[in-house]
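Colleague: Just so you know, the sequences run in chain order A and B. Reminder that position 279 of the first sequence reads as 279 in the UniProt record's numbering, one-by-one numbering, no gaps. Reminder that position 420 of the second sequence reads as 420 in the UniProt record's numbering, one-by-one numbering, no gaps.
The hints are simulated quantities; they were obtained by calculation from the structure and are not laboratory data. Please read all numbers here as calculations on a predicted model, not as lab measurements. No residue lacks a Cβ here, since even glycine has one placed at the ideal position from N, Cα and C. Take every hint as true, because none was put in to throw you off.
To be clear about the criterion: a stretch of chain A counts as covered by chain B if any three or more of its residues have a C-beta under 8 Å from a C-beta of chain B, and this derived list gives those stretches: (1) 80-87; (2) 99-107; (3) 143-151.
Just the calculated beta-carbon pair ranges, DEER-fashion: (4) B:K241 / A:G117: 48 to 58 Å; (5) B:D68 / A:K123: 29 to 39 Å; (6) A:I307 / B:K279: 45 to 55 Å.
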Amino acid sequence: MATNFWSSSHYKRWIVDRATLHQARYYDLQYADSPEHLGFLNIFFANLISKLGKKLQLRQRVIATATVFFRRFYVKNSYCETDPFIVIAACCYVAAKAEEAPVAIRSVVTEARTLFGDEYGIKTFPSDNSKLAEMEFYLVDELECDLTVFHPYRTLVTLCGKEGGVSLPQAEAGEADADDSDGPRYWGTGEGKLELQEGALQMAWYGLPYCPSPQAQDAQAPVRFIINDTYRSELCLLYSPHLIAIAAIYLTLVFHAPTRASIQQPASSAPSHSGSSHHSHSGSPTRRSSRSTTHSQKKQQQPQDVIGFMAGLNVSMTLVATIAQEIISLYALWDRYSEDVHADSARSSFLHKSGSASGGTRRGGVKAGRSASVVSSGTITSGNTPSTQDDSAQNEIVTPMSLVQLLLRMREQRMTDLAHPPSGRPVAVNKMLERTQAAG
Amino acid sequence: MDHNLLVSDPMRLYRAKRDSARKRVTDKYTILGFISSGTYGRVYKAQSKDVDGRIHAIKKFKPDKEGDVVTYTGISQSAIREIALNREITHENVVALKEVILEDKSIYMVFEYAEHDFLQVIHHHSQTLRQSISVAVLKSLTYQLLNGLLYLHDAHIIHRDLKPANILITSSGVVKIGDLGLARLTHQPLMPLVAGDKVVVTIWYRAPELLLGAKHYNKAVDIWAVGCVMAELASLRPIFKGEEAKLDSKKNVPFQKDQLLKIFEILGTPSEREWPKVKDLPEYDGMKRLDHYSNRLQEWCQSRMPNGAQLLKELFAYDPDKRLTAGEALQHRWFREEPLPTRNAFVSLSAERVPPHRRITQDDAPSMMPLGAGGSHVQGQVSQMQATAQAHLSQQLSHSHSNQSGKAGSAASFASVSGGGGPSRKKARLG
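Bound conformation, chain A alone (with noise of 0.2 Å):
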């Protein structure tokens, strides 16, 4: 089962159609400001996920899987017909059991009641373990007790090898480890590995554009993880893990300016990199027999047949390009949203990009500022521009804030329209809740 993704129940179960998922959101779509609301709620979602996750010290792959249970979950059910902050808990806490990595429930709920509590004000957030523990309850249940989820990390892994030197930090360590001679690529075809450059690999997990100089750093200090980026989207519940991460990979071999040129003038005329901002790694990527050899010789011979290899992959291209595509309309939309939750919506349409002090503001707001250069930089070939967004919907800058009292407001109105429904015939919802009060 860990290595055949065919006949986990992840690719039997849970990759859900385009058609699928919009009836998944009916009525939510009914009390949203515009469909697009719901596109930033995915970022927020997973945003908050991988917060309550990183003060839980989850590893970033358990990070994943508790995205993708919410996900999961939320094909479902309706944002306006439940709490999503009790669900991202309970899915932290489940993920991380999946995983093999268990936290306390205790401390789960803690941490959860102070990052909800304290930074967008949600104060419905119960204080009693067993709240969660019945939220978990239910939740394993609508998870259909599939609990072994497939991630794109393990098909960069395999596709991009680390042995050639390429070191991911500590932190993710977890996600590369193991051993991956046990794990073969699960789709059949296609030969050796692709030597990406340190900074290229970087890219692909990290995101775009990674800018290892230390002033870039400090001034950008947390790096994006184009895979990682992924689960803000729907992508996970849509398409298998493997494609994704070819398409992360796609992505960072056009972005990636030094691959770039050196798959456009191969060999020949490589440019030297030395002097620049990217990375001093900037030879063009060889196959892994060439390691030994000194950067300048590597730029003479052999250069790798990148285009070659990804052809050579036994996927549909067609599916990778509209994965890319997708990924590209993410970033256009994340674009807008700032995690700057202290802007309240009558200021929220000023971008604060300086950001306060704490991490993920500034975050929020390089975020927003780089990849915009990303996506107007005109550097996205292979015709996978992305749409432009309309000048008015480019200003409205969405926070978290906002988010939050769109979500309140929605099930507010859920509510009141189940108990007054058209029909005249009211409450079914009432009867359904004294017989939950009789149960206790």
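Fit chain B to the given chain A structure using the hints.
Modeller: Just chain B now, with coordinates in the frame of chain A:
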């Protein structure tokens, strides 16, 4: 519409909706009787109310209690593990999970039913028939066990608790590995295996690297257990029947001197030549202080399983790296010699030699299953549970006693009865 209610508990409506849609265990199954119990909960025999009327084993995890009130305290790691793994696997030689039902704060796992298990077969031969298991049966059981294990290992699952009570056999003689409650995925673990469960595998079946405190271990621990099980099938008693040294008050894992001695008495003291890494293990110094023994496995096998001696020797390789893998073991010459292993392990047996059906008890079983829904029953249910739990406890004690004195039949267990045998059969679980 009571908005205050929704503010204080926004998920109330959601739960009401889910609860009303949920099919209950008793809607779908008729409980036929009680099979066994263990630390995790209880197992029942049940018949589907579908037209097929199939028989199942339903494993009910013990509900959590705070005082007398059943409450939610979080699903145990072991239940999550067993559920998650079982949802992904399908193999003829691994017990199939049909469904999981969550209701009334309890988890029910519905498994395919198996009429027998290895422990019961062993008891049947030692107590009733008073003769050894035929080579044909022994070989078929071992082969199918290895076949199921090969599947699990290929899927990167280490079972970690193989023992006769956990290995089931259907009435048509097909082996089914059960109880994945201690099993876990080893593909890309986020934490070392040792960090999760300090002690794995019932002591008699525990591999020497575990006994010597290895921090890293792998699939080879299951292979050792297969060796122990195979030897037990051949001799009708555990081959290494040591006394477990108990955890101290600080839950430190003690040096398992007696168990190691039991192993050394037959396999000899391991040498650094055959197991170079042994000197790096934490308990190596303790091992050095023990008396020295030489290998007499050949002699042990002579009377019990002359032709299987070579396979057993290779399953019992001290060095985990040299121990056979499940795949290699299946390729062993022994399995290609007459009599060949059969898909129905009992095919060569006359009807009276096939072990008897699993015993179920009628009395306390139906009452254990919640009859109605709802909280009003909870209180009654709880007190009933306590009564039956107590009754069961005494029953279990006498059971294990008679087991050891060698008079009773099988301590039949289904899908993991860790409390199946005497106290020493129990595994210690930490964390």
